[in-house]
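**Student:** First to last, the sequence lines map onto chains Y and Z. Be aware that the first sequence starts at 1, since it is given in the working numbering, and climbs by one per residue. Be aware that the second sequence starts at 1001, since it is given in the working numbering, and climbs by one per residue.
No wet-lab data here; the hints were simulated from the structure. Just so it is clear, CB atoms sit at the ideal spot from N, CA and C, and this is done for glycine as well. Check the hints yourself; a few may be wrong.
Stated by the list, open to error - Stretches of chain Z that chain Y covers, calculated by requiring three or more beta carbons in the stretch to come under 8 angstroms of a beta carbon on chain Y:
#, region
1, 1073-1087
2, 1100-1111
3, 1187-1193
4, 1253-1260
5, 1294-1305
What the hints assert, rightly or not - Footprint (simulated), chain Y over chain Z, 3 or more residues, beta carbon under 8 angstroms:
#, region
6, 1022-1030
7, 1129-1142
8, 1161-1168
9, 1171-1179
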Amino acid sequence: MRSDHALHDKAPRWLKWLAFGGLGFLHFPILVIFLYAFNVEESAYSFPLKGFTLRWIHETFARPDVLSAIWLSVKIASLATLVALALGTMAAAALYRRHFLGKEAITLMLILPIALPGIITGIALLSAFRLADVPPSFWTIAIGHATFCVVVVYNNVIARFRRTSYSLIEASMDLGADGFQTFRYVVLPQIATALLAGGILAFALSFDEIIVTTFTAGTEVTLPIWLLNQLTRPRDVPITNVVAMIVMLITMVPIFAAYSLTRGTEDVAGSGK
Amino acid sequence: MMSYALDKPKTAQRQGPLAALARLLYRRPTLYLVLLLTPPLLWFGAVYLGSLLTLLAQSFFTFDDFTMNVTPEWTLANYRALFDLANLDVVLRTLSMAVSVSLASAVIAFPIAYYMVRYARGWQKGFFYIAVMLPMWASYIVKAYSWTVILAKGGILYWVFGALGLKPLLTALLALPMVGGNSLSTSNLGRFLVFTYIWLPFMILPIQAALERVPVSLTQASADLGATPAQTFRHVILPLAFPGVVAGSIFTFSLTLGDYIIPQLIGPSGLFIGTMVYTLQGSIGNIPMAAAFTAVPVVIIAVYLSIAKRLGAFDAL
Chain Y
1 MRSDHALHDK
11 APRWLKWLAF
21 GGLGFLHFPI
31 LVIFLYAFNV
41 EESAYSFPLK
51 GFTLRWIHET
61 FARPDVLSAI
71 WLSVKIASLA
81 TLVALALGTM
91 AAAALYRRHF
101 LGKEAITLML
111 ILPIALPGII
121 TGIALLSAFR
131 LADVPPSFWT
141 IAIGHATFCV
151 VVVYNNVIAR
161 FRRTSYSLIE
171 ASMDLGADGF
181 QTFRYVVLPQ
191 IATALLAGGI
201 LAFALSFDEI
211 IVTTFTAGTE
221 VTLPIWLLNQ
231 LTRPRDVPIT
241 NVVAMIVMLI
251 TMVPIFAAYS
261 LTRGTEDVAG
271 SGK
Chain Z
1001 MMSYALDKPK
1011 TAQRQGPLAA
1021 LARLLYRRPT
1031 LYLVLLLTPP
1041 LLWFGAVYLG
1051 SLLTLLAQSF
1061 FTFDDFTMNV
1071 TPEWTLANYR
1081 ALFDLANLDV
1091 VLRTLSMAVS
1101 VSLASAVIAF
1111 PIAYYMVRYA
1121 RGWQKGFFYI
1131 AVMLPMWASY
1141 IVKAYSWTVI
1151 LAKGGILYWV
1161 FGALGLKPLL
1171 TALLALPMVG
1181 GNSLSTSNLG
1191 RFLVFTYIWL
1201 PFMILPIQAA
1211 LERVPVSLTQ
1221 ASADLGATPA
1231 QTFRHVILPL
1241 AFPGVVAGSI
1251 FTFSLTLGDY
1261 IIPQLIGPSG
1271 LFIGTMVYTL
1281 QGSIGNIPMA
1291 AAFTAVPVVI
1301 IAVYLSIAKR
1311 LGAFDAL
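Work the whole structure out from these sequences, hints included.
**Tutor:** Encoded structure:
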């Protein structure tokens, strides 16, 4: 690293190896999932694989327990995302330009559900639901999920608000638009992609959530809970492999979508997790 | 947005209740603020803070060992029980894992983050970003599952050791006290590997953010003044990036501390704080003791955060 070349020199080979090796480490288990989903073997994980088959994919989609778990997870994630979009946008709109007493406390409160270990959120909700005699159900799961999804939307939307110029809103008002018109024609088009990115990430977060869910689910079985049940008492190894691949795909797609939606706008779409 | 205004001009002043409401909100910004904040505050106050307070209150309730009933009689017995030897053991086991996982992820993450900031140009920049985000967002439970597949007897890792002729090394590793165990998937080594893997991206991103803010001119100045690259790294880059490492360790540390799925799936049978809380509330129904146990990670994390704050980690977030 000679001084005059400090900016343009190439990486030392060992650093390159460490960096790309690290990436390899990060992606290896994901590849394994895609490999084993097509494994012919029925009850073990022996390597090298004995052969490949598409049979388990057909069988998985014929399993009523898997299908109902997928459907439940989709319903919960959709509801949680809708609630999070509404609450997160309101909080972001209220907090981005105003300063008032207690503002820091509110920001902290929004972040708390993902800052505290999930087990605390989970057991807190469980003990409150029990005390209030609310039986665990679809609704208790969705309420829990919505609570920690808010911050993802909030982070994305407030980052966008901070980078849009307030003078656009003032100009709209000067031209005679009222608050609702300004929101509809000026603010909404500006934050639309941030909302979409936040919504997609919130959906992925809820779809994959397991820690809080085990406390609030009761006898309901979401897709991650179905997986966990299989992991603690393995029965259908091949079906589990396929379900693992489906969950992996559903949680991976959003990161590409969110990245391309917020690309070039400098805010880190996924950093709210 | 401009084209909207030009294409469809709106009448200057709309009439009706909606417009009246809009004007009222414009004239009274505080009312507007209150209206915006009420729904999120109600939700968080009722659902979240309410639950946390319930949990706190329950930690002082009495649990009857014989009838298995919880009665609202105030007691400090649950907190006293935290200091039982068996419980301290759980706390210590979890803490040592959290510390080793944080250290290991810092060591693995630093070169990746450094390469990302300093050498990745053009397509590599986006590639590295996605390549770190993807495993971070990919399903947690599936990643844990994948490791049970990799570590399984006769699975990939055993095969790799065999193919490289390193079977004796593996046996020696597993024979080590503390670290080892009967097999990879029941050893502390396996659990440590999985934890490090799962939280690694949470360490890479803060370090990357901190390195991003180190001005290139500083490293140039250091080199101009005659420092070797190693000296520049040791005396300029590392101190400036250190808050990022601490910020990352907040995640790796507290996520390990609160996790209870991975200790169930991989590693020896000893309880973690998370598995302890889960067992207490689940099979026994001792919510008061479980509630008291959740105070442990909260206190540890609070202490950790105050140290981290002093080290400047929050500026690196």
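**Student:** Hint by hint, note whether the structure agrees.
**Tutor:** So, going through the hints one by one against the coordinates:
1. 1073-1087: Violated: only 0 residues of the region 1073-1087 of chain Z have a Cβ under 8 angstroms from chain Y.
2. 1100-1111: holds (count 3)
3. 1187-1193: violated (count 0)
4. 1253-1260: Since 6 is at least three, the answer is holds.
5. 1294-1305: holds (count 4)
6. 1022-1030: holds (count 5)
7. 1129-1142: holds (count 14)
8. 1161-1168: violated (count 0)
9. 1171-1179: violated (count 0)
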